[in-house]
Amino acid sequence: MDRAPHPRPTRLRRRFARLTGAFAATALGATALVALGGTPAGAAAANLAQNPGFESGLSGWTCSAGSGSTVTSPVHGGSAALKATPAGTDNARCAQTVAVRPNSSYTLTAWVQGSYVYLGASGTGTTDVSTWTPSASGWQQLSTSFTTGANTTAVTVYTHGWYGQPAYYADDISLTGPGGDPGNPGDPVPGAPSGLKTGAVTSSSIALSWSPVTGATGYHVYRDGSRVQSVSGTSATVTGLTPSTSYRFEVTATNAAGESPRSSAVTGTTSAGSGGGGGGTVPRHAVTGYWQNFDNGAAVQKLRDVQDQYDIIAVAFADATGTPGAVDFTLDPAVGYGSEQQFKDDIKAKQAAGKSVVISIGGQNGTVSVNDAASANNFANSVYALMREYGFNGVDIDLENGLNATYMTQALRALSAKAGSGLVITMAPQTIDMQSTSNGYFQTALNIKDILTVVNMQYYNSGSMLGCDGKVYSQGSVDFLTALACIQLEGGLSPSQVGLGVPASTRGAGSGYVSPAIVNNALDCLARGTNCGSFKPARTYPELRGAMTWSTNWDATAGNAWSGAVGPKVHGLP
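FYI, my numbering numbers position 317 of the sequence shown as 317, with every residue one higher than the one before it.
It is possible that part of the hints are untrue.
[To be verified] Calculated pairs, DSS-like style, for lysine-lysine (alpha carbon to alpha carbon, straight line, at most 30 Å):
hint: 1; residue 1: Lys418; residue 2: Lys344
hint: 2; residue 1: Lys302; residue 2: Lys344
hint: 3; residue 1: Lys348; residue 2: Lys418
hint: 4; residue 1: Lys418; residue 2: Lys302
[Unchecked claim] Simulated restraints, written as ranges between beta carbons of each label pair:
hint: 5; residue 1: Thr330; residue 2: Arg539; range: 39 to 49 Å
hint: 6; residue 1: Gly191; residue 2: Gly391; range: 25 to 35 Å
hint: 7; residue 1: Ser79; residue 2: Ala517; range: 50 to 60 Å
hint: 8; residue 1: Gly138; residue 2: Asp328; range: 33 to 43 Å
hint: 9; residue 1: Val472; residue 2: Pro74; range: 52 to 62 Å
Simulated from the structure, these hints should not be mistaken for laboratory data. Where a beta carbon is used, it is the ideal one built from N, C-alpha and C, also for glycine.
Using the sequences and the hints, build the whole thing.
Structure follows, in structure tokens:
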């Protein structure tokens, strides 16, 4: 979001061009990357992967939910290849654990074919890596590299597809680098947990427990196919759930050698109640609007003037300070308040009417940087201080110049520990930020799912983007809204944590404006399966949180036409 009347989309288009160009560069750079394996020039690098071409069926490989098989066509080399088919909430992950040496460099490559095919390595002891292609109509080589940690003796290499996509193919998978000691591979990968069962249930949480696994040092908890929690013991409580909703849970066991297959699944259903995600004051379906603490040609408002359809009001924006990560807020005289106390009184009045008021961090010109432990601590402390001073319900993350997932997660969890369960956390990433779960913004959202209220991605100032079906969609259409929302909905976020962010008028953004009728059609399509365009999701998401607009001021300039039309639609969702 921008303080200027017409935000500039060119930066996003350049970034998208670089992103798509990187896909093509992956194959071109594969030959050079082989040198990282440490093999002398002229010698063939030894492949540490077992059964790399699937000539022996699936020997050495484990595929989730029985998704894998071998085929004789198409193949890249030899007489067989892997075919893995995503289904429902399973992304067809096929993996094997390989013995490696500590403090050593490795290169992982594979030939793949299909839409949204991923290749990666986990348990490296340093930074887990992955790479992907959105569309490979013929065989395409993927390549990535990593260095193991000081105590790493085994890593897990894997491929997987994407939810709602057709089968993908993989062949000739290679891991090159120093081989591990077969006689001392470290602890074996633990077996799958047993005895998984549900326990205490509330409207937003379900408790789980399971039997201990020999050799396990930790456990991963999966909800509807996506990992949501990691624990050291044999119990966990999954939070941030939607009332009266059924969820499927699985658990895996982990140690330094890798991750076990998943346990048998159990289903749990939350009790009836209101809300979902973080922030207890937010209704099941909510409208978010940004209130401008500046005058850029839109109608100047006081908070008391904001249309009643808005459930979450994001005050834009907090300002960076001279302390890394820290923010402050200064009321702009241009908005017409006689004193800060009047502003604080307006916040209280909105809250008394059932609204949440949060402080937004960033915007197009924002320079707040949270990239280490100290700045994360400064961020949490300064935001909490603003919450106490002004009465804000929480924080909105609208950083448009990059985000470090590790330290922003740390900052928001520290803020949550200070503010408690009523904290409202919203996010407003750009479209490019939510194209893949490996992106820092998407990672952060998934990392804080248990305390996250809603992600209102900005479906504007964007240009064309990929939808969850691998096709390219142009902004300004119902398909752009629904196909891009599908990436978040099938990528691990709860439907109650997904909202559609759009401009309130043609003057509110440089490009991407859609009429309220298009927004309402997209809401119907996602929540009810009706009024879709050419793209129709494989399932409906009745718990969808709602919609967001930039801004309440531009909405007021246009006679509140946006909130007057979209507000009732959101509040009338099932």
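Right, here's what the structure says about each hint:
1. Our distance criterion of 30 Å between C-alpha atoms is met by Lys418 and Lys344, whose separation comes to about 21 Å.
2. At roughly 11 Å between alpha-carbon atoms, Lys302 and Lys344 fall within 30 Å of each other, so this suggested pair holds.
3. Restraint check for Lys348 and Lys418: the C-alpha separation of about 20 Å stays at or below 30 Å, so the hint holds.
4. Restraint check for Lys418 and Lys302: satisfied, since their Cα atoms lie roughly 29 Å apart, inside the 30 Å limit.
5. A C-beta distance of roughly 46 Å is found between Thr330 and Arg539, which places it inside the suggested range of 39 to 49 Å.
6. With their beta carbons about 52 Å apart, Gly191 and Gly391 fall outside the hinted range of 25 to 35 Å.
7. Here the CB-CB span from Ser79 to Ala517 is close to 55 Å, well matched to the stated 50 to 60 Å.
8. Look at Gly138 against Asp328: about 54 Å separates their beta carbons, and that is not inside 33 to 43 Å.
9. As the Cβ distance of Val472 to Pro74 is approximately 24 Å, the hint placing it in 52 to 62 Å is violated.
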